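Q: Residue strings, one per chain:
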Amino acid sequence: MSVTFIGSAATFGTMGNGQTTQNLFILENKLCSRRIVNIRSLVVQMDPTTGTLATVKPIINISRITALPNDTITTAGETLSKVPFDTAQVSDFGVMASGATLADGGPLRAIVASPGVTSWRQYSIRLASGFGQVKSEDNLLISNLIEPAAYHLYPGQAMLITVVSVSGANNPSTNRWFAQTVWEEETFNTRVISGTVTNNSLPVNGAQIVIVIADDIFMTNSRIWSTTTTNALGAWSANVPVGRVASVYSQHRDGQTLHSAVGNPYLMT
Amino acid sequence: MAKTVLYTGSAATFRTVGAAATTQNLFTIENTAGSAVLVGVRSLVMQLDATAVLTAVMPLVKTTRIAIPTGGTTLAKVALDTSQSSVANVIVRGATASDGGGATAITATPGGIIWQQYGMRVHTAVGQIASPDYPLLPSLVSGSPLVLRPSEALLVQVVAAAGTSNPATNHWFVQCVWEEFTVT
Numbered sequence: 014m015s016v017t018f019i020g021s022a023a024t025f026g027t028m029g030n031g032q033t034t035q036n037l038f039i040l041e042n043k044l045c046s047r048r049i050v051n052i053r054s055l056v057v058q059m060d061p062t063t064g065t066l067a068t069v070k071p072i073i074n075i076s077r078i079t080a081l082p083n084d085t086i087t088t089a090g091e092t093l094s095k096v097p098f099d100t101a102q103v104s105d106f107g108v109m110a111s112g113a114t115l116a117d118g119g120p121l122r123a124i125v126a127s128p129g130v131t132s133w134r135q136y137s138i139r140l141a142s143g144f145g146q147v148k149s150e151d152n153l154l155i156s157n158l159i160e161p162a163a164y165h166l167y168p169g170q171a172m173l174i175t176v177v178s179v180s181g182a183n184n185p186s187t188n189r190w191f192a193q194t195v196w197e198e199e200t201f202n203t204r205v206i207s208g209t210v211t212n213n214s215l216p217v218n219g220a221q222i223v224i225v226i227a228d229d230i231f232m233t234n235s236r237i238w239s240t241t242t243t244n245a246l247g248a249w250s251a252n253v254p255v256g257r258v259a260s261v262y263s264q265h266r267d268g269q270t271l272h273s274a275v276g277n278p279y280l281m282t
Numbered sequence: 314m315a316k317t318v319l320y321t322g323s324a325a326t327f328r329t330v331g332a333a334a335t336t337q338n339l340f341t342i343e344n345t346a347g348s349a350v351l352v353g354v355r356s357l358v359m360q361l362d363a364t365a366v367l368t369a370v371m372p373l374v375k376t377t378r379i380a381i382p383t384g385g386t387t388l389a390k391v392a393l394d395t396s397q398s399s400v401a402n403v404i405v406r407g408a409t410a411s412d413g414g415g416a417t418a419i420t421a422t423p424g425g426i427i428w429q430q431y432g433m434r435v436h437t438a439v440g441q442i443a444s445p446d447y448p449l450l451p452s453l454v455s456g457s458p459l460v461l462r463p464s465e466a467l468l469v470q471v472v473a474a475a476g477t478s479n480p481a482t483n484h485w486f487v488q489c490v491w492e493e494f495t496v497t
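Chains as they are written, first to last, in our numbering: chain D, 14 to 282; chain F, 314 to 497.
The hints are simulated quantities; they were obtained by calculation from the structure and are not laboratory data.
This one's a predicted model, so the numbers in the text were calculated from it and none came from an experiment.
The reader is advised that the hints may include incorrect statements.
Stated by the list, open to error - Restraint-style ranges between C-beta atoms, simulated for each label pair:
1. F/Gly415 <-> D/Ser186: 28 to 36 Å
2. F/Ala369 <-> D/Thr200: 52 to 60 Å
3. F/Val318 <-> D/Gly208: 21 to 29 Å
4. D/Ser186 <-> F/Thr335: 40 to 48 Å
In this text, a Cβ means the ideal position worked out from N, Cα and C, and glycines have one as well.
Using the sequences plus the hints, can you model the full thing?
A: What follows is the structure in structure tokens.
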């Protein structure tokens, strides 16, 4: 496996929503992604501005979820820019970072996602009274043991940041939050599969090969992995992720006649 | 000898209110008898928000190695890599089943103190109240984990000078990162 991208994303200053739960940020590794996402840093900062609070402060939870909001056509926050540490690297199109507002202090656009089991949590700050210096340091949302034990997100997984309060009054609009993250994207371990397409025992040049992968033989989380074409000898090959089931289908056109060759399902890789 | 890490994961308790008693068991992680793995605890931290004033000495939070506990609420274990699975012999317990919920007491007898930590207190309710991580093991365990062999457990216990020093206005939680490994 090799690292193909390291980058960061940050939300805009997000107002408290006056409710007992608020999704602040989500980093998704969608099913179509061809990368494993390793979260290296995940922090939240908050300024309560003028809001004082005498009762227990909100807690910030992170959880890994598998129902990804942006895999369905629903409201899922505002897409954030992914900024590479090295502009020669490109993030996979299947990796998406989203916040809950489009501008600092702007109107809220809810991330519609249900938290999973809490992986790590962190109290925010509160003001017993507005007095003296107010500091807003990084609230670490993953244990500082990020190497080598980074949180991994496989395709179909996301990391969600949720603020949880005992009452809506404990997370008023005077709370101004932001979240930011650093992650890396690395390739899967792969192995080569290959084959030959023939028609009446003759090799077919230029046949289209479609490779579908899934988590298991029941085609859980199936998606098209890649396409390729055969060469003059009718041969093709492709790299597919280890530990997935691959299915291969072929089609080609011979003049006006369209052919679909016998596929090869359930190839365990 | 070669060390093979089979699982790395974390768990966090729910927000646990003070028990208004001189001792309160907050958290345990155990490696029960017959386990095929060793447990290496790499991080153990506590956070506290005290919403009431306390002018007496603040509670101490002590980490000790103990025998296998009972009671409490079994907490979910979260893998850092979902391709790994934790063994059933590793169990993590908290002292409540929901944030601010009723107590589900952990029954455990503390042993010799491995490490201890003062939390925080509010002498006067003025200004900012911060809740940083309070480490419950020395920081060096991140590289040299504290090992739990089969039939061993760790206990995090609050020890207060008086029950009034750990009232229900103390809001605690504890969280842990550990690895499960074999040595051949």
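Q: For the pair F/Ala369 and D/Thr200, does the Cβ-Cβ distance stay inside 52 to 60 Å?
A: Taking Cβ atoms as reference, F/Ala369 and D/Thr200 lie about 58 Å apart, which means the hint holds.
Q: D/Ser186 and F/Thr335, beta-carbon distance inside 40 to 48 Å?
A: 41 Å, holds
Q: CB of F/Val318 to CB of D/Gly208, is that within 21 to 29 Å?
A: This hint is violated: roughly 38 Å between Cβ atoms.
Q: Determine whether the Cβ-Cβ distance between F/Gly415 and D/Ser186 falls within the hinted range of 28 to 36 Å.
A: This hint holds: roughly 32 Å between Cβ atoms.
Going through the hint list in order, the structure does not satisfy hint 3, though it satisfies all others.
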